[in-house]
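All chains, please: the whole structure from these sequences, using the hints.
Line by line, the protein sequences give chains A and B.
To convert, note that position 120 of the first sequence is 359 in my numbering; the numbers rise steadily by one, no gaps.
To convert, note that position 246 of the second sequence is 252 in my numbering; the numbers rise steadily by one, no gaps.
Certain hints may be false.
[Unchecked claim] Derived DSS-like pairs (lysine-lysine); straight-line CA-CA distance at most 30 Å:
1. K214(B) / K244(B)
2. K121(B) / K432(A)
3. K445(A) / K434(A)
4. K361(B) / K278(B)
5. K371(A) / K445(A)
6. K352(B) / K278(B)
7. K113(B) / K187(B)
8. K434(A) / K113(B)
9. K432(A) / K71(B)
10. K309(B) / K244(B)
11. K187(B) / K65(B)
12. K432(A) / K113(B)
13. K434(A) / K138(B)
14. K445(A) / K304(A)
15. K244(B) / K432(A)
16. K309(B) / K251(B)
17. K244(B) / K278(B)
18. K251(B) / K445(A)
19. K434(A) / K121(B)
20. K251(B) / K121(B)
21. K432(A) / K138(B)
22. K138(B) / K65(B)
23. K138(B) / K445(A)
24. K71(B) / K187(B)
25. K71(B) / K434(A)
26. K304(A) / K380(A)
27. K65(B) / K121(B)
These are computed hints drawn from the structure, not numbers from a lab.
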Amino acid sequence: MRYRNATAYRFLTPYLLIFAVFWIWPIISSFLISFQATRTVPWRFAPTFNWGRLIGDSAFFNALKNTLLILVIQVPVMISLAIVMAVLLNSPLLKARGLYRFAFFAPVVVGEVAYSAVFRLMFSLDFGIVNKLLNSVGLPKVDWFSNVTPAMALIMIAVTWRWAGYNAIIILAGLQSIPEDVYEAATLDRVSKVKQFFHITLPLLKPVIVFCAVLSIIGTMQLFTEPFLITERGGPGGGTETLGLLLYRQGFRSLNFGYASAIAYTMAGLAIAITLVQLWLTREPK
Amino acid sequence: MAAVTLTNVVKRFGSFEVVHGADIDIADGEFVVFVGPSGCGKSTLLRMIAGLEDISGGKIAIGGKVVNDVEPADRGIAMVFQSYALYPHMTVEQNLSFGLRMNGNPKADTERRVKRAAEILCIDELMQRRPKQLSGGQRQRVAIGRAIVREPQVFLFDEPLSNLDAELRVQMRVEISRLHKELGVTMVYVTHDQTEAMTLADRIVVLKGGNVEQIGAPLDLYDDPANRFVAGFIGSPKMNFITAKVVETSNSAATVELINHGGARLRKPLCKALPAVGAEVVLGVRPEHFFEVGEGDCDIPVKADVAEHLGSVSYVYANAGAEELIVEREAARQRASGDHFTVSIKAERALLFDKTGARIR
Ligand SMILES: Nc1ncnc2c1ncn2[C@@H]1O[C@H](COP(=O)(O)OP(=O)(O)OP(=O)(O)O)[C@@H](O)[C@H]1O
Ligand SMILES: [Mg+2]
Chain A
240 MRYRNATAYR FLTPYLLIFA VFWIWPIISS FLISFQATRT VPWRFAPTFN
290 WGRLIGDSAF FNALKNTLLI LVIQVPVMIS LAIVMAVLLN SPLLKARGLY
340 RFAFFAPVVV GEVAYSAVFR LMFSLDFGIV NKLLNSVGLP KVDWFSNVTP
390 AMALIMIAVT WRWAGYNAII ILAGLQSIPE DVYEAATLDR VSKVKQFFHI
440 TLPLLKPVIV FCAVLSIIGT MQLFTEPFLI TERGGPGGGT ETLGLLLYRQ
490 GFRSLNFGYA SAIAYTMAGL AIAITLVQLW LTREPK
Chain B
7 MAAVTLTNVV KRFGSFEVVH GADIDIADGE FVVFVGPSGC GKSTLLRMIA
57 GLEDISGGKI AIGGKVVNDV EPADRGIAMV FQSYALYPHM TVEQNLSFGL
107 RMNGNPKADT ERRVKRAAEI LCIDELMQRR PKQLSGGQRQ RVAIGRAIVR
157 EPQVFLFDEP LSNLDAELRV QMRVEISRLH KELGVTMVYV THDQTEAMTL
207 ADRIVVLKGG NVEQIGAPLD LYDDPANRFV AGFIGSPKMN FITAKVVETS
257 NSAATVELIN HGGARLRKPL CKALPAVGAE VVLGVRPEHF FEVGEGDCDI
307 PVKADVAEHL GSVSYVYANA GAEELIVERE AARQRASGDH FTVSIKAERA
357 LLFDKTGARI R
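Below, the structure is given as structure tokens:
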């Protein structure tokens with residue numbers, strides 16, 4: 240038995256080595272770095288240097304506020320949209336289901352840079368199709384890139400476009416695992432389709448929805464691509480700067496690794512805390 | 007309470023017809039069992055009565071009112087599904103009351119109905135549990151309870167016992183029978199198990215390939231089947247079918263020769279048209295209708311292959327000519343494998359079928 244295990248571990252060694260060097264070590268190392276002043280040569284140990292700065296840093300609180308704002312608005316909207324999409328996909332009336340499923344999933348596999356570029360074009364002030372459409376229904380043009388509120392909205396729209404279909408496919412799998420006869424029993428009980436949705440479908444989908452929400456929360460906590468590429472590094476004037484962007488700026492523009500590590504740990508800690516609260520709120524009643 | 011009448015009911019899935027014009031009259035308060043092999047359309051018929059499947063042709067009436075275009079919930083029926091179809095996220099109590107709550111039924115009345123159902127089925131103890139925390143038999147009770155709570159005119163059961171073990175099945179069978187007496191409502195019950203059909207039914211509807219083969223009381227089907235299919239389906243172990251040929255007809259009787267049994271002959275009195283001489287026929291004899299030598303009208307020697315001793319009776323799987331026969335013996339007369347013995351057939355206990363399987367009476 241022991242010998243068998245030893246063989247297995249020998250086969251696993253290459254993976255475990257790589258995992259240790261590129262995952263475990265950075266995690267430990269960045270934790271240690273967060274307690275060092277890294278703008279001096281050589282680095283010196285100063286436990287309160289970065290963490291103290293974090294508590295008083297208005298740039299950090301700005302990024303935190305933006306990230307949480309996106310989280311609180313975008314995640315619920317996207318999950319709701321994904322549920323609606325999944326229910327429509329699951330409808331027996333739908334023709335060409337495979338095509339829709341592909342179309343919903345496609346945004347995930349589109350390259351980030353390409354998708355961001357297309358969004359910039361679509362939302363551009365004078366040439367963008369979005370403003371043309373707004374004009375054509377009599378609404379004023381919106382300057383998506385130079386005002387904070389529209390810029391935040393744009394980020395949320397983009398993220399939602401990219402990930403709603405992905406979540407819809409996961410929720411669809413959950414929908415399809417609900418047995419048909421439960422709905423038949425409800426039909427015999429004179430429960431309307433709408434009530435069936437709220438009293439049967441949603442409660443039975445809860446585990447899947449929680450799963451999607453947790454994934455989305457973790458994703459949004461790390462949000463980087465969209466504010467970096469679409470609103471040009473958190474513009475206008477830091478109005479869409481997220482924790483991910485702040486970390487990037489501190490770590491890789493200012494080369495302040497200690498402070499960046501402290502931010503990274505804050506992001507991870509927050510993601511874990513929010514997820515735990517979420518799991519606790521939606522736990523199965525005993 | 008209500009009678010259920012099916013008139014020339016047809017069901018098609020696309021162009022594929024699965025029920026070919028069923029005529030079934032179910033009286034008010036009757037317990038009727040649909041029985042037949044897998045895929046014969048039992049569930050489809052039941053689901054059409056429930057309104058879960060459209061009716062492609064013909065009419066279904068419940069309590070004298072044609073319900074072809076009536077919503078399932080308005081037909082006065084309740085259905086118990088094979089898979090129970092309980093709401094997994096609700097407690098037993100919520101499962102029972104869900105339909106009533108959703109329809110704004112007065113709270114006191116809902117509570118009364120749930121309480122009554124729980125008492126009838128002895129599930130008071132389980133009210134706060136979820137389906138996951140129940141055994142198969144308990145889930146079955148809850149499923150039946152949910153039907154009782156609706157206070158329907160007609161109960162529909164689709165193979166409700168098929169997921170239970172043998173012992174529990176017998177117990178629930180008795181309980182469903184008791185329930186029928188207590189509530190006095192019409193029940194339509196689907197099963198492919200002929201024992202269940204025989205023990206529960208006031209009348210049995212035997213189906214095969216989407217056709218009604220015969221409708222009748224259990225013992226009528228047993229004693230007087232309309233054709234070879236019904237004869238073979240009802241009764242356990244199955245009826246034996248012995249190949250024979252008509253060698254002589256006279257005086258409203260036909261004499262047949264059992265071709266695989268050394269020319270043994272049986273004279274069978276008949277009351278309807280006599281078959282032609284030389285016609286191939288089949289003689290049906292139930293395992294319990296083989297008699298001791300000399301007691302019957304025709305003796306055939308057999309050799310025991312395997313003997314199963316069940317205590318009160320034994321079944322001997324015997325080889326006779328090219329045919330396998332199942333012979334029931336009283337325990338005292340049991341045989342060991344390899345024994346040679348002779349059994350006797352009584353003309354009045356043998357049924358004659360023509361080549362197509364129709365009964366020759
Ligand atoms: N939705 C459907 N679409 C097409 N064919 C169907 C459908 N439902 C049932 N059938 C066909 O109709 C026939 C009867 O099916 P049904 O379910 O009524 O059989 P059953 O007698 O209940 O069998 P079992 O004992 O296996 O439950 C079968 O040949 C089946 O393949
Ligand atoms: Mg069936």
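Status of the hints after comparison with the structure:
A distance of roughly 17 Å separates the Cα atoms of K214(B) and K244(B); the hinted pair therefore holds under the 30 Å criterion. Taking the CA atoms of K121(B) and K432(A), the gap is about 28 Å. The hint holds against a cut of 30 Å. Between K445(A) and K434(A) the CA atoms are separated by roughly 16 Å; this keeps the pair inside 30 Å, and the hint holds. As the CA atoms of K361(B) and K278(B) are separated by approximately 17 Å, the hinted pair is consistent with the 30 Å bound.
Among the hinted pairs, K371(A) with K445(A) is inconsistent with the structure: their alpha-carbon atoms are about 40 Å apart, more than 30 Å. For the hint pairing K352(B) with K278(B), the CA-to-CA distance comes to about 19 Å; that is within 30 Å, so the pair holds. With a C-alpha separation of about 28 Å, the suggested pair K113(B) and K187(B) falls inside the 30 Å cut-off, and the hint holds. Using a Cα cut-off of 30 Å, the hinted pair K434(A) and K113(B) holds, with the two alpha carbons roughly 19 Å apart.
For the hint linking K432(A) to K71(B), the alpha-carbon distance of about 26 Å falls within 30 Å, and the restraint holds. A C-alpha spacing of about 19 Å is found between K309(B) and K244(B), which places the hinted pair at or below 30 Å, so the restraint holds. Between K187(B) and K65(B) the alpha-carbon distance is near 29 Å, which keeps this suggested pair within the 30 Å criterion. For the suggested pair K432(A) and K113(B), the alpha carbons sit about 23 Å apart, so the restraint of at most 30 Å is met.
For the given pair, K434(A) sits about 23 Å from K138(B) by alpha-carbon distance, which is consistent with the 30 Å threshold. Restraint check for K445(A) and K304(A): satisfied, since their Cα atoms lie roughly 28 Å apart, inside the 30 Å limit. For the given pair, K244(B) sits about 47 Å from K432(A) by alpha-carbon distance, which is inconsistent with the 30 Å threshold. Taking the CA atoms of K309(B) and K251(B), the gap is about 23 Å. The hint holds against a cut of 30 Å.
With a CA separation close to 26 Å, the supplied pair K244(B) and K278(B) stays within the 30 Å bound. Simply put, K251(B) and K445(A) have alpha-carbon atoms about 69 Å apart, too far for the 30 Å limit, and the pair is violated. Between K434(A) and K121(B) the CA atoms are separated by roughly 25 Å; this keeps the pair inside 30 Å, and the hint holds. Between K251(B) and K121(B) the alpha-carbon distance is near 64 Å, which puts this suggested pair outside the 30 Å criterion.
For the hint linking K432(A) to K138(B), the alpha-carbon distance of about 25 Å falls within 30 Å, and the restraint holds. Among the hinted pairs, K138(B) with K65(B) is inconsistent with the structure: their alpha-carbon atoms are about 40 Å apart, more than 30 Å. Distance hint between K138(B) and K445(A) is fulfilled; the C-alpha atoms sit about 17 Å from each other, no more than 30 Å. Restraint check for K71(B) and K187(B): satisfied, since their Cα atoms lie roughly 25 Å apart, inside the 30 Å limit.
For the given pair, K71(B) sits about 29 Å from K434(A) by alpha-carbon distance, which is consistent with the 30 Å threshold. Proposed proximity of K304(A) and K380(A) is supported: the alpha carbons are some 27 Å apart, at most 30 Å. Proximity of K65(B) to K121(B) is assessed by CA-CA distance (about 37 Å); at most 30 Å being required, the pair is judged violated.
Going through the hint list in order, the structure does not satisfy hints 5, 15, 18, 20, 22 and 27.
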